[in-house]
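2 protein chains.
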Amino acid sequence: MFTNTMPRYEILSEDAIEVLDRGWRRIVSEIGVQFAKAEALELFRANGQKVEDEVVFLDPEFVLEQVRKAPPEFDIHARNPANDVHIGGNQMVFGGVYGPPFVREGDERRDATMSDFRRLAMLAQSYPELDTAGGVICEPNDAPLDSRHLDMIFALQTLTDKIYMGNVVSAVNAADTIAMTAILFGGRDRIEERPATISLINCNSPLRWDERMLDAQLEYNRANQPVVLTPFILMGAMSPVTVPAALTQQLAEALTGISLAQLVRPGCPVVFGSFLSNIDMQSGSPCFGTPESAVGLLCTGQLARHFGLPFRTGGGLTSAQLPDAQAGYESLMTLLPTFLAGTNFVMHSAGWLEGGLVSGYEKFIIDVELLRMLRNEFTPLHFDEDTLAYSAHVEVGHGGHFLGAEHTLERFRDCFYRPLLSSSDNFDRWRRRGAKDTAARAGEIYRQVLDEYEPPPLDEAVRAELEEYVVRRRRELGD
Amino acid sequence: MFTNTMPRYEILSEDAIEVLDRGWRRIVSEIGVQFAKAEALELFRANGQKVEDEVVFLDPEFVLEQVRKAPPEFDIHARNPANDVHIGGNQMVFGGVYGPPFVREGDERRDATMSDFRRLAMLAQSYPELDTAGGVICEPNDAPLDSRHLDMIFALQTLTDKIYMGNVVSAVNAADTIAMTAILFGGRDRIEERPATISLINCNSPLRWDERMLDAQLEYNRANQPVVLTPFILMGAMSPVTVPAALTQQLAEALTGISLAQLVRPGCPVVFGSFLSNIDMQSGSPCFGTPESAVGLLCTGQLARHFGLPFRTGGGLTSAQLPDAQAGYESLMTLLPTFLAGTNFVMHSAGWLEGGLVSGYEKFIIDVELLRMLRNEFTPLHFDEDTLAYSAHVEVGHGGHFLGAEHTLERFRDCFYRPLLSSSDNFDRWRRRGAKDTAARAGEIYRQVLDEYEPPPLDEAVRAELEEYVVRRRRELGD
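Chains as they are written, first to last, in this note's numbering: chain A, 1 to 479; chain B, 1 to 479.
Among the hints, erroneous ones may be present.
For chains that are exact copies, the list does not tell them apart, and a pair is met inside one copy or across any two.
What the hints assert, rightly or not - Derived EDC-like pairs: lysine to aspartate or glutamate, alpha-carbon spacing no greater than 20 Å straight-line:
hint, residue 1, residue 2
1, Lys436, Glu108
2, Lys69, Glu465
3, Lys436, Asp107
4, Lys37, Glu211
5, Lys436, Glu61
6, Lys436, Glu105
No lab work stands behind these hints: they were computed from the structure.
Based on the sequences and whatever the hints tell you, model everything.
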């Protein structure tokens, strides 16, 4: 967890916020939002909102009333208390890439397996820059389909002692996540009191919340486990082609999703989610690390603060097929604005490659380097007699050098950021060391980290109970 | 030239600015600044400043009095008026890399030649994102040493019709630059009235202005040609190891250099320069694209505005040996803050590789892509009925897509940033196209641009006069 006390970079004027505010009000009240689940529709109807078929026409003031019930900040507990996180305020919480069916290791791109899932979780455990491995850090295609969520949750619970994200494929999977979390934390009562997992609920943008996602959402809401209610918008496909239109739509979707959560369980923890980029209008391909997504991200932060909600956006996103120059600049093109916006919950912070279809091992290390650099960059400077170093100037004089100055010798070990991956070797030294590019060096780093990985300690009885649960439930699910 | 009307990202508190302000005042008055040129010392002495040996002890109020004579904004004229630039205010002017003795093309790293110089100048001419090729876009090692400045200036004047930077190796070289500029623009009077070149004067930090640089500076000041007075600071070597100390020193150096310029010719155009990064304290290697340099850059912009001066900082800096992931993220780690700071004059915007020792052809294209993305990103959004696209929502409804919506069809050609270099091809398409990484694609782009290059038209009589000047002066210089 990183505490970002640097200023926020805000680019929306008061007038712009007012225009966007009128925009979402008009959408939710006149076009309405579709909720493809009877229980949700019934909740809205019972609370005085007009429902026609699956479309709910919402009174904006009613929406705001619900939104105000959501806590502006909350904690999520990890089994290692040192890894507890706080969502909201100046806190930034970072998770690994979520969802890719493929992995890339060096020149090999292949279907992801459970072994990859475990290895990527181990990497996430190894770096303090990541507060969570995330959830589906890759899709383990070799694990049985109906029960692989059990394997994933078990891996996250045992290979890491950080918070983890819940499964959202169905109500059943959500219930399994909650049950296994209850085992790990000592009972359902305990996790209802102290949330211990967080889950991603995507909107089927535009303006439609799908049944399976809602099924999962309601399970988590009822258990008081946080959900990240996320409009999934690739502008041009899932929204109109302008950032203002996408922002308006995003407000309409996120605020109504949050309203539902508050109807299910008033005060339950939610995150204003955003996944906002654009497609290439020539090919239809999704694009990441784009200028539009960076601008959208900055605005999203400002809007979430306007509504007093913790928010999710950003990450190390790229369309690049390889961990090359494009991967480097596109990832930072999203990750630096993520820090400028002070995003509270950042998914896809490490490992994202090829538009999110690939979990990249080398890319994971590149992104950890970026997170480390940005944490340093967003740490405030101190201005005092000591940092001004007047005595060093007196000592060194005109045209000298500071390498041997007393002020330098006292601080040289940790005065500057020390890279994990980046090389400033001169050409000869770099050649002597094998003339390795950044991806090759990243490969060496992750292989060594995996070699040295040790699992965090876990009570044997708890582990046994989790194992029993997985075995029993796999049998019940017919896998 | 780019007009940046987005907000500035400012991280210095009023208190911090006050601390820094006290800091430079103490340095210039108590430690003093060394000027290794008799004429400069004489000017300071004649204007009431205490001089001991080569060290000038300056009254801070005297410094501020001189600084106030500098114009807050000014124009530089190009031979094509469409390429005139304005330095200051919201304007950002971008130039190519400056100074590398080597070039990299693909796998080949070699001594730079005059042919490289010309080809890189042609690239700079080809991209509107660059307002100038710069000056020494690479060091042409195959050209005769004492007269190669003539070849460089001639190449910049004839292969580009943009502004160019003057030579600063000696007073003679500066005088040649001025004479050739006078030929191109119709006489010395004319360029004194309307400046037509800009030159980089580096401080030999800490606190020493060297004789040869001062020789060149005074030539340019007398001719009313702008100079960029730049503390050259790699923290840990040329300054203490903290950003606040480096900022203080930078103020002391830049403000005294500017004072000298204003004593030479009151009102002559100057730029508050900054070249601020750090060394690796283990190896002593310079590091670029570091968190410290990004923070220093943001502070520098704020300080320059505090003193009402146009400023230079930033660029696409990296320590990377190859145009790989590190080159991508380090360059953006400097270039994005360059836009956040609203830097007025940006050297090293394209082509910088390997800590500035190498001009990279592929890197040049990568940087142009970054400049294009950032120009898009720093263009304000418009919020109105049209961009809110309410009608598109009415048309598309819930869960549909916007690809065929009328609002989309009217805007699809230019609604999003269209990459020059980045690929969002899906994996199969990318493989069919040769599975090229970003550097390989950049190579194809620059080779095609060079193939298609056409020199901008130039009056034959002027060209002949410039050629005669070069031939005559080369003879006089004994090359």
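Hints, verified against the model:
no., hint, result
1, Lys436 to Glu108, "both (18 Å within a copy, 15 Å between copies)"
2, Lys69 to Glu465, "neither (36 Å within a copy, 78 Å between copies)"
3, Lys436 to Asp107, "both (15 Å within a copy, 12 Å between copies)"
4, Lys37 to Glu211, "within (5 Å within a copy, 79 Å between copies)"
5, Lys436 to Glu61, "neither (59 Å within a copy, 53 Å between copies)"
6, Lys436 to Glu105, "both (16 Å within a copy, 17 Å between copies)"
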